[in-house]
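**Student:** For this one, chain R is given, so just place chain B on it according to the hints.
Chains as they are written, first to last, in my numbering: chain R, 113 to 493; chain B, 335 to 488.
Don't read these hints as lab results, they were simulated from the structure.
Hints may contain errors.
Okay, derived cross-link-like pairs now, EDC-like style, lysine to aspartate or glutamate, Cα gap no bigger than 16 Å in a straight line [unchecked claim]:
(1) B:LYS401 with B:ASP442
(2) R:LYS414 with R:GLU206
(3) B:LYS439 with B:ASP396
(4) B:LYS360 with R:GLU306
(5) B:LYS433 with B:GLU461
(6) B:LYS353 with R:GLU307
(7) R:LYS331 with R:ASP467
(8) R:LYS157 with R:GLU123
(9) B:LYS360 with R:GLU158
(10) B:LYS345 with R:GLU320
(11) R:LYS448 with R:GLU265
(12) R:LYS448 with R:ASP467
(13) B:LYS434 with B:ASP417
(14) B:LYS434 with B:ASP393
(15) B:LYS429 with B:ASP380
(16) B:LYS467 with R:ASP467
(17) B:LYS353 with R:GLU306
(18) B:LYS429 with B:ASP393
With beta-carbon atoms standing in for the labels, derived distance ranges [what the hints assert, rightly or not]:
(19) R:GLU154 with B:THR338: 40 to 46 Å
(20) B:ILE373 with R:PRO410: 35 to 41 Å
(21) R:VAL418 with B:GLU415: 18 to 24 Å
(22) R:GLY337 with B:GLY369: 48 to 54 Å
(23) R:ASP285 with B:ALA348: 26 to 32 Å
(24) R:ILE211 with B:VAL432: 28 to 34 Å
(25) B:GLY431 with R:GLU307: 55 to 61 Å
(26) R:GLU289 with B:ARG379: 16 to 22 Å
(27) R:GLU365 with B:ARG476: 50 to 56 Å
(28) B:PHE352 with R:ASP404: 37 to 43 Å
Think of the CB as a built atom: it goes at the ideal place given N, C-alpha and C, for glycine as much as any other residue.
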Amino acid sequence: MQMDSTENLKETLRTDELLLNMGPQHPSTHGVLRVVVTTDGEIVKEAKPEIGYLHRCFEKHAENSDYIAVSPYVDRLDYLASMNNSMGYAIAVESLLGIEVPRRAEYIRVIISELQRIASHLMSYGTYGLDMGAFTAFMYGFRDREMILDIFEMISGARLLYNYMWIGGTYRDITPEIVQKIKDFLVYFKPKVEEYNNLVTYNQIFVERTRNIGVIDLKTCHTYGLTGVMLRGAGLKWDLRKEHPYSIYKEVEFDVPVGTGQMGTLGDCWDRHIVRMNEMIQSIRIIEQLIDGIPEGPHRAKVGKVIKPPAGEVYSRTECPRGELGFYIISDSTGKPARVRCKSPCFMNIATLNDLSQGVMVADLIATIGSLDIVLGEVDR
Amino acid sequence: MTFTEYLGLVKDAAFTTFKGMGITFKVFAKVQTKGDITIQYPETRDHLPLGSRGLLFNDVDDCISCKQCAAVCPVDCIYIEADKKEAGATADFTKGGVKKTLDLKRFDIDVSLCCYCGLCSSVCPTECLYHTKEYEYSVLDRDKHIMNYMDYKR
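So here's chain R without its partners, still in its complex pose (with noise of 0.2 Å):
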């Protein structure tokens, strides 16, 4: 009888795998992104990322407005780094006009480019500390970057979504007012990475959850196509802004920051952290070359209110602080785009996602996703 029992229990008592939801409204996937989970027990087994909850169709958008009028438009792509896209844009329209950017717009638009990049990687120090649990960094991360909205603040009027770059130069000029205003920020800044470096990146728990985990190698990166971000953390020493250098890239001195696997695997989530921090202090020593020496002269280039560019196509890619950005322009000679594609870097960096995931954690997955630095409104665009 005894026997009996435990014989039906066995064929009573199974094990299933768990469909997990992960979002669209969850803190930790940083936008609207579902992932659907399949979970043994405690291990991931699948992770899918369900995207287009922000689709915003931006591309037959374009198609239907102006030149001039997209640009609004390429800010809410990813609106945590607004100006390097739109600077990515407007260097595409200049290219297929053909004009010459005035001295001084390239310089206010790469010290403005790479404020906008010590901003992105802030919030994304910040919200990848709130992630791993260490809320203090988020509330520090996000008082540094308040400072540099309100540089933008007053140099384009508006704190979020600047609309800043414009095709042919920029949207205002820059006042010795705003450049003291960059100057006491970087002075202020510039100790600031190291404390923060101390405050999370060698804390012994951060570095415990993030080491080993969702490792990229090169291969992977090949793959997908990953660029920015993951594929310096995968130890490729590649950044548009050297290799290929558009702008005044060529005439500043930066290193490239790399992941070396300091902490555990080459290309885990340490690495990347690292290089985002790393990327900061670059972006410093660029503003630093820049700031004293912006050339007098118009900030603008002269086009008319009404751009028409010749018949042909065009593809300019811009390193952004996610990635390479790429846009692709095919004109009729019209007032209107026949087609603008936009090459996201976001979308490539979470399609890796289910690979990364098999076999881990449900807390490493939150690792991973934060470690990926996605921003949905550039995934869906």
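**Tutor:** Just chain B now, kept in the frame of chain R:
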């Protein structure tokens, strides 16, 4: 992992956490001496810099109904209707001395659609359309967000 290694990790974790706590206490001491960073919003307001892009305002007396703002607007939120002036009507000029050839009948902006990109104010030839610093204009009814500048009242 041996037990000694485990103890070493615990020691490292405690040490690095105290190092981080040191930074926190430094900031805490600074706040105690220098005062709060947070602005208590409704009581005290942050100073907006020159050229902040807030609510749009159009001075209809200076508007020449050229419709450039409506053409450049990426979200098409500016609605303009204008007629030709009747024959024999007295000539009308803006403050800048530009002759008005059209009679402006309607100048509405749907503020709930506006994305504050600043394109319309930058193309305005008479600089009558500009961004104000006003940012507190929430209403309960969506219709009230359509600003009628012909007789401007909310």
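**Student:** Output the numbers, in ascending order, of every earlier hint that fails for this structure.
**Tutor:** 8, 9, 11, 12, 15, 16, 19 and 23
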